[in-house]
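Spelled out from the first residue to the last, the chains are:
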Amino acid sequence: MAVREATLAGLSREQLLNMHYQMVLLRRFEEKAAEEYTLGKIGGFLHLYIGQEANGVGMFSALHPDDYVLSAYREHGYAILKGIDPHAVMAELFGKATGSSKGKGGSMHMYSNEHHLIGGQAIVGAQLVMGAGVGLAIQYQGEHRIALVLFGDGAVDEGAFHEALNLASIWKLPVVFVCENNQYSMGMAVTKAWAVSSLEPRAAAYNIPYRKVDGMDALAMREAMREAREHAVNGNGPFLIESLTYRFRGHSMADPAYYRTREEEQMWKATRDPIALFEEKLKAAGIMRDEDIQATNEKVDALVEDCVRFADDSPFPDPDSLYTEVTLDGAGAIAWRNKPSTPRE
Amino acid sequence: MRTIAYRDALREAIREEMRRDERVYILGEDIAGYGGTYSVTKGLFEEFGAKRVKDTPLAEEVIAGAAIGSAIGGLRPIAELMTANFSLLASDQIINSLAKFHYMFGGQSKLPVVIRMPGGGGAQRGAQHSQMLETMYAHIPGLKVVMPATPYDAKGMLKSAIRDDDPVLFIEHELLYSVKGEVPDEGEEYTVPLNRGIVRREGTDVTIVTFSRMVHLSLQAAEELAKEGIQAEVIDLRSVRPIDLDLVLDSLRKTNRVVVAEEGWKYYGTGQGLAALIYEYGFDYLDAPIGHVAGKDVPMPYSKPLEQAALPTRDDIIAAVKAIVPAPAGAGAGA
Chain A
1 MAVREATLAG LSREQLLNMH YQMVLLRRFE EKAAEEYTLG KIGGFLHLYI GQEANGVGMF
61 SALHPDDYVL SAYREHGYAI LKGIDPHAVM AELFGKATGS SKGKGGSMHM YSNEHHLIGG
121 QAIVGAQLVM GAGVGLAIQY QGEHRIALVL FGDGAVDEGA FHEALNLASI WKLPVVFVCE
181 NNQYSMGMAV TKAWAVSSLE PRAAAYNIPY RKVDGMDALA MREAMREARE HAVNGNGPFL
241 IESLTYRFRG HSMADPAYYR TREEEQMWKA TRDPIALFEE KLKAAGIMRD EDIQATNEKV
301 DALVEDCVRF ADDSPFPDPD SLYTEVTLDG AGAIAWRNKP STPRE
Chain P
346 MRTIAYRDAL REAIREEMRR DERVYILGED IAGYGGTYSV TKGLFEEFGA KRVKDTPLAE
406 EVIAGAAIGS AIGGLRPIAE LMTANFSLLA SDQIINSLAK FHYMFGGQSK LPVVIRMPGG
466 GGAQRGAQHS QMLETMYAHI PGLKVVMPAT PYDAKGMLKS AIRDDDPVLF IEHELLYSVK
526 GEVPDEGEEY TVPLNRGIVR REGTDVTIVT FSRMVHLSLQ AAEELAKEGI QAEVIDLRSV
586 RPIDLDLVLD SLRKTNRVVV AEEGWKYYGT GQGLAALIYE YGFDYLDAPI GHVAGKDVPM
646 PYSKPLEQAA LPTRDDIIAA VKAIVPAPAG AGAGA
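For the record, the sequence lines run as chains A and P. Residue 345, in this note's numbering, is where the first sequence stops; the numbers in between run on with no holes. Residue 680, in this note's numbering, is where the second sequence stops; the numbers in between run on with no holes.
Hints may be right or wrong, so weigh each one.
[To be verified] 30 Å max Cα-Cα, derived DSSO-like pairs, lysine-lysine:
1. A:Lys-172 to P:Lys-455
2. P:Lys-396 to A:Lys-172
3. A:Lys-172 to P:Lys-387
What the hints contain is simulated information worked out from the structure, not anything from laboratory work.
Generate the whole structure from the sequences, applying the supplied hints.
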């Protein structure tokens, strides 16, 4: 069979190579961001998606452009996958005016109305309750789309998880909840934080269908998302997916990950790397050759370098923008009154 | 003009806006079948149905979160929190999300969300049901926080809040719901701006700056003071964020004396913040230190005499005014 006609999971070679390209892009983008962080170009927190790429790429490949996405703060990859220009994502990390949030958000706060990306939330679990609301708006207006709510295993520990899943279920809201269980909420192992070993009994408690998926397998993630979306968009209410995954780096750049062993990390990186697994699968199916991989790596490297160049060359926000966009009508800020008091006549 | 109660004015505002705009809906605890804990939403379920009058479980975080999410999705929610005290359970969504999105996402998001809640004490509801928490929210950039004192303003400001594209916290007062006042006939369109105070009573000797239920006590105090020859000007701020500081400073230039009167706690509160602004921008015009009437610095007790002692009164305002206004010429001894 010629390479060009080969398929896997009902996807064309072009689609599969694009998924590979996206995973490599997300990986390389984060590696580059880590470098720039070390150089002091990026401040604050930086949470890398390295190791979890199959989740985003698999899920988003089954979304429609109109679907909403709400997420936590490990979201550079989601922003890129949802359609925000990676140049604007990098510029946001650099705090530049050309950033996707004009430099006012930073690593944890990507957003785009155009692409229906409702932002990185830096309060764990906040996006779950909001996601229920987005689902409500979809239902209220009779729209044919879903709200995808992404969170980590730590968010399950918040009360928001309970309130959101219960409301979504009783109101039959078109929301797909996905827990990317990377097994640590910062340093707290999920085995210590959860009273049960998976989300299955919790899904049952809210009468929500549940699937557990290998989060290192992009095609499995895609298939689960396809099923969940179909369920939700057709008025059957919410769906809960739990993916089993692993972040290869610390929680953030500030985390040396003392709470887990190097052996454990090595085991995951050596045997469960989602990109390596995908490449093996595509090569075995005769879909991808080594020269395809090399071409993708070169293309991604060039793009990521260009993102950094763009971010570097972009201006910082105008100082006057400090006071803009607090409210739509500019009301509220007392600080504008930086005038001296009038002397008494 | 008719005379109707504060709660009826609120209901009219909601009903008129729901009739005007399909995107407007309400959600909260017991607002449908029960008609609202304070009967504000009574009858709305019958008119608009379950789609637009949504009873929620007792889950304040998702009430606020769902309001925010639905606004992102294109709706114009009015969330009712049963009391301001319970808003603390929703305060993460209010402070960390609602107040932040427009700025944090570089002006891209728009959240036309109204969150209504009653605060205040005086009905023997104890420590966990009697707090004035506007200070907490008024502290936060990105929010508008309004506290109308009259049925006219309640209706006009709620309509403005629903039409406003910024988030508005609409803080009512338990003891105001039955207060009656003049309101234009139903269907006679009017709105009241969210950023303007109003002079409730003109005077020349002192300015009493206040809001919410304390407006009524301040007006009573002003009447008493007038009998003794002291003419107090009473300013109802109506909004505590933003604050109509120009109105206050204009009055100060006339009276040269100010008493700030609020029901909430004194320390680090709305009144102190206001006093600090007056000192900062109007110091030259002050002939006396600013007087400050506030709730006592204790959790609200249950027992009636204790609760009455904890709340600021008309006489507290009178005393605060007399402490900074010289006795008028010809006033009797002890006045």
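Against the structure, the hints:
Note on A:Lys-172 and P:Lys-455: the hinted pairing holds, with a Cα-Cα distance of about 26 Å set against a maximum of 30 Å. At most 30 Å may separate the alpha-carbon atoms for a hinted pair to count; P:Lys-396 and A:Lys-172 meet this at roughly 13 Å. For a cut-off of 30 Å, the pair hint linking A:Lys-172 to P:Lys-387 stands: about 26 Å separates their Cα positions.
The earlier numbered hints are all upheld by this structure, with none contradicted.
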